[in-house]
Amino acid sequence: MKRVNAVVVGAGAAGGIVARELATAGLSVVLLERGKWYTANDCRKDDLRNQRTTVLGNAFGPEDEGNPRVWVDSRGEANVVLPSEGAYQNNAACVGGGTLSYGAMAWRFMPQDFRMRSTYGAPQGSSLEDWPIGYDDLEPFYDKAEYEIGVSGDESGNPFHGPRRRGLPMPPLPPNREFGILEPAAKRLGLHPFPIPMLRNSVPYNGRGECMRCRWCVGFACEVDAKNGSQNTVIPSALATGNCELRTQCMVREILTDERGRARGVSYFDEKGRLQEQLSDIVVVSACAIESARLLLNSKSRLFPDGLGNRYDQVGRNLQGHHYTGAMGFFDFETYDDVGPGASIAISDYNHGTPGLCGGGLLANEFIRLPIHTLDRLPPGTPRWGAGHKRAMREFHRRTMIVMGPTQQIPTADGRVTLDPAVEDQWGLPVARLSGNSHPHTFEIGEVQARRAEAWLKEAGAVETSLMAGRPEIVSSGQHQAGTCRMGDDPHGSVVNRNCQVHDVDNVFVIDGSVHVTNGGFNPVLTIMAIAYFASDALVRNWKGTGFRS
Amino acid sequence: MCGAGPARRAQMKARKEPGAVTRRQFMAASAMSSAAWAAGCTSQSGDWESLSEDQAGTLAVICDQIVPADDFPSASQAGVVTYIDRQLSRHYRRHRMAYAHGLEQAESISAKRFGHGLAQATAEQRLQAARALEQENRTFFELVRKHTLEGYYGSPRHGGNRDAVSWRMLGLAEPPVRGRARDVFSKGTRS
Ligand SMILES: Cc1cc2nc3c(=O)[nH]c(=O)nc-3n(C[C@H](O)[C@H](O)[C@H](O)COP(=O)(O)OP(=O)(O)OC[C@H]3O[C@@H](n4cnc5c(N)ncnc54)[C@H](O)[C@@H]3O)c2cc1C
Ligand code: SF4
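Residue numbers (our numbering), protein chains in the order written: chain W, 1 to 550; chain D, 1001 to 1191.
If you are wondering where the hints come from, they were derived from the structure by calculation, not from laboratory data.
Ranges of calculated distance between the beta carbons of each label pair, as one might list FRET restraints: (1) W/ARG3 x D/LYS1146: 45 to 55 Å; (2) W/GLU65 x D/MET1097: 15 to 25 Å; (3) W/ASP306 x D/GLU1104: 44 to 54 Å; (4) D/GLU1053 x W/GLY209: 50 to 60 Å; (5) D/GLN1120 x W/PRO440: 53 to 63 Å.
Note that CB positions come from ideal geometry on N, CA and C, so glycine has one too.
Bound conformation, chain W alone (with noise of 0.2 Å):
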């Protein structure tokens, strides 16, 4: 196979970003993607096998079959679990990532995000820390992910964001029915509400049309082709640079170093399981925060006998996500109108400046329910089965609203992904291992925040209501995971310097969630563009032919 210039690990939100990046610059690059290339035909609205209810498995990888994680529980018990269980912490394998089918939430992270530590001072016991970049850094490379790959919204109404250099490309689609609920209710509050940003054309845009707004949104691929993943965005303008190639069911094994310590390529299983060696300048790994500092401890050499990056023992460390919590209300007036995504309204007042709290999240109304999701989310006391649960449902399903918010992770070394000692994939390749819980003040700040969200709900009008805030024995990671291979300027305490580069191994970047030092009161996904962009940047500024500018 002919040496290319960049191997990218990984076609999802962050993989899709570099390759197109790189080979826009005139590196050649091979992208490879474990996962399948849906198209809109395979774009089935199923209720019970979707990416976000996994009753009968993912629809868009991995399969249960062949790919299980070990889950370490709170009693120090290992199990296997499979990728439609909850504790399997899954995102998704597909050409896009989790792109294909989320929720397409557009978050810009705060300033005071990447400086939790100065801010807050880190509570014992935890990691809490500051980013090597600040928001200003990012910045003009959240405007290039906002325009690139395309947000609509109205930001004027939030006077929490960090400073912008322009608006958004797209305005925000028309209200629904629980925005105008909501809206005057969090005015009533004193509360600043504004319509979510998001990745979903509201307008034609980028050359395809605009949302139909349909039941089925997050979970599921959109066959109108509104949702902006890199799928359709940057993975196909990089493949029509005639720089790039994309193959897909190709399962990266490890990465292939030098006598030296250098990387030399990557070997992985193809579409037919046979092993194959791709030799290239550098590697890109873009593979999810657990799967990315799973490839990196399964690269083990004479020279790096833990794992490539792991010197220092912080590969799958400070893994994290959000946790999640909220209320929801029951009404006395239909509140649902069948208007997708439905997730629509929020706030942002909560996520910095509770004296005594480090932190907090946005609130946000949720994504449009499906029946299948109100089943165990009826009024207190409602029974289980039976006549009385049917007719609850037919009571309830069109008057709840649920507002919840992903509540910033305190991470703590000790949340991590490690290699399981004995589980191996269908590839014979040594298991992600998860084990280890967030900080339990994460758990103080999402009490609040739920009691928060309940108070909004309640001045909307509800009836009745029920708190959404557990304490999960388990790092709530998910499609939200991140901060496995930290970034930082001292190699002792963390994987990759501020370009996404790891410390002691020159050609190999990790780009995607894993370098987040902390995740923010928002969901990650903007903010992975914005790193992926930012790092290719840096990159391709540094590349010189075959190697870098030292």
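With chain W held as given, fit chain D with the ligands onto it using these hints.
Coordinates of chain D with the ligands only, in the frame set by chain W:
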């Protein structure tokens, strides 16, 4: 009450389902109690994928306690036994033993308390048996509860929620979007 249209279509698609009935039965039955319903519904000759005929009958009784008939069909009438039977050969293969034991236990509860099987039990006895099963084998009962509700409220393509009957019950239009073909929701790979 379901419209006549849905009922007719349901009947056309019906096969090997204990709850499958003709349109005439359906109209008549809607005036009857759920007990009468279930009693008339357990004698299809079927080739189930995973269950024996007897197991399917027992399962239908339990599913119908979880989602009984009222103005809208019960679980088995909406195809939930088909849903569970199919998945026991697919995604829920790992639960086959649990079903084999759990269904046997349901019958033995009925035999012990009432002196006959669930097929002969009255409506009240069936409900009592389900409550007893919930107490004696909570793990299995929770499993059937989960699978029944999924089948009833999930996508029609998997055999349950036949003709999107639960979605109609909730006032959800189906097909929901102009221009979207019905079979987008009812056909396709059965995972
Ligand atoms: C249902 C759903 C809803 C979501 N909603 C939102 C939202 O509203 N807002 C938001 O900000 N975020 C949302 N997310 C999360 C968002 O999609 C992720 O944050 C984002 O996709 C992560 O980007 P990434 O580049 O790190 O990884 P991914 O996008 O997951 O891409 C990684 C890719 O690498 C591939 N890969 C992994 N290992 C290998 C290997 N060894 N060899 C080859 N390929 C490999 C995977 O198959 C995958 O395609 C949602 C996700 C889901 C699933
Ligand atoms: S709600 Fe809009 S963006 Fe989402 S899947 Fe439907 S049409 Fe596509």
